[in-house]
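Peer 1: Sequence:
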Amino acid sequence: MQTGAPDTFAHSTQGSILVAESGLSLYFFANDVEGQSACLGAEDDPAGGTNDPESCAGVWPPLLAADSAQALPDSQDMHQWQMVTRNDGTQQWAYLGYPVYLYSGDSAQGDINGEGINNVWHLARPTPVKQAQVGGLSSQVANGTVRTLSLSGDALETVRQEKDGFSLYLFDNDPIATSTCTSESCMGNWPPLIADAQAKAEAELTLEVQDNEFVQWSFRGKPLYLFSGDQQPGEANGDGVANLWHLATLEPAIMRTQEDSTRLSATGLVQIATSDMTPTQMDKDQFTLYTFDNDEQLISNCSGDCLDNWPAFLAKEGDEDIGAFSRFDRGEGLMQWAYQGMPLYFFAGDSQKGQANGDGVGGVWHAVQPTTQIGEEDATLGATLTVQGTVSVLLNNGDDSFSAQLQDKSGFQLYTFDNDTEGTSLCTSLSCMNNWPALLAQAGDQATAPYSIFTRADGLDQWAINGKPLYFFAGDESAADTNGEAVGSVWWAARPTPVRVRNHEAHGPGLVSTPGVLPSQGHSADDLEGLSLYFFLEDTQGSGESTCFTGCVNVWPPLYASSSDQAFGEFEIIERTESGGEQTLQWTYKGWPLYFYIGDSQPGDVTGVYGTWVIAQP
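To convert a position in the sequence shown, counted from 1, into this note's numbering, add 28.
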């Protein structure tokens, strides 16, 4: 008996296998069903033992769980160890509900003498698929040593490769359950993920027998592949290849380009609901998704007969919000998917993938096309600009040429470059463009202040904030990263105000001004650039008023805003009436007006901290 859940062992020839605490290999029995053992001993056997060494339980001892054992989910790869009750009342360890056994012919770790006996006993293996973050999105990746298939001439060969954490992909040319990547060239570039005998699948992972008689792992009914161009875990170099290969993310849909149009479409087997409100699984692979103008954020106003024409795109049990996709309760126990807050539907008039016959119906139904969503997000640097959903990014094609490519960059930080001028990108060298991919505008994008769209020297359109071009940083691997802040002292997290964060050795993070700051009380923009900003505690937070006038402003110049500046998130603009009657505008942060101190002359100075004057902190 053992208390702890069994472990995984990297076998020299068999790859990842499951083992007991003793190190001995574990096996599955083909005659078992989920939750029940069919390998028993003699009728008069004591509980947990057998008097008949020739019985099934004598040859294949069940791995029993101690009374203190508990079923434990493996948080690393999703898979669960459980216990099943045997007919003698003892508890047996089970993987994904299937009992595991030792073999009496094994005596040391690494022994696999029971493999293949009578073609019903096979090594117990962990599922070769797990979830990990790839490019900031939860995705399906390889788990440990996996089995792939290659073709040399007419000979098919299986190969075991250590691919832990490597990205997995789906192929748009594959129909449900069937791989069409069967040529030597295709399989060489996209090795299929092959299952071993008695592999155990769960949730949206399935096992599909192919025409070559091998069994391939599938996700949402679509066969899974590795990409030979990925050299290390976490890379996603195969995503978007030929507009046919896509990262196997947990997103319910992706942007696909078909016939020169890019639209949101579903992936694989999905669940829908019509007027009877019964969840129904259907093949909607690459079918266009729509939004309804009469809906509200996370509220569907399409019911009854409307759903017969526009079936709701349902979330399945276990699905979670991801990227720009969220779920909402539409009633009767059903959860529906929404994109950027708007409920998603299919159109009954689309009979084939790629069709968009519902686009424009009644002037209120629209195919979902990529539009750039820029928003504010609280992060380690305070309130900064990020994007949501699929955006257009200027990326290297692999031959040092660059093109616009769609990526889901939900939550990723945006940056500005001090060397840029208004409406002009000076990040034009190969190194700069590789490290700082530009945020490009898409066909349906429209900019309102403080945002703008300008045409680059290469003819592409790029987004800007207050005239400053916007970029991502290649060194940010997840949405939580802000590794581009202060690189070279010229790259900064983007904000809608002329403000960034600087870490003061004695006072911690504080707000300072950036290029673009306005002159204030006789001090030029150059004089004020990079200086610390302060709150005045005699102001009333959130009142929309400043109490610093006349002689006060001579010592504490306000951080002025222009008439074209726009309030954004926690940065707001208040009106001031100066002592001479002049009407001005001032920036506030979290309801506190922002000021400079005339005693600060260089970036990093914080000589204004005393009494009721404190550093403005994010």
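Check each hint, because a few of them may be wrong.
For lysine-lysine, the following DSS-like pairs were computed, each having C-alpha atoms within a straight-line distance of at most 30 Å [what the hints assert, rightly or not]:
1) 344 with 228
2) 344 with 381
3) 381 with 158
Calculated from the structure, these hints are not laboratory results.
Peer 1: Check whether the Cα positions of residue 381 and residue 158 lie no farther apart than 30 Å.
Peer 2: At roughly 29 Å apart (the allowed maximum being 30 Å), residue 158 and residue 381 satisfy the hint.
Peer 1: Does residue 228 lie within 30 Å of residue 344 when you go C-alpha to C-alpha?
Peer 2: Since the Cα atoms of residue 344 and residue 228 sit roughly 20 Å apart, the hinted pair holds (cutoff 30 Å).
Peer 1: CA of residue 344 to CA of residue 381, is that 30 Å or under?
Peer 2: holds, 21 Å
In this structure, every one of the numbered hints holds.
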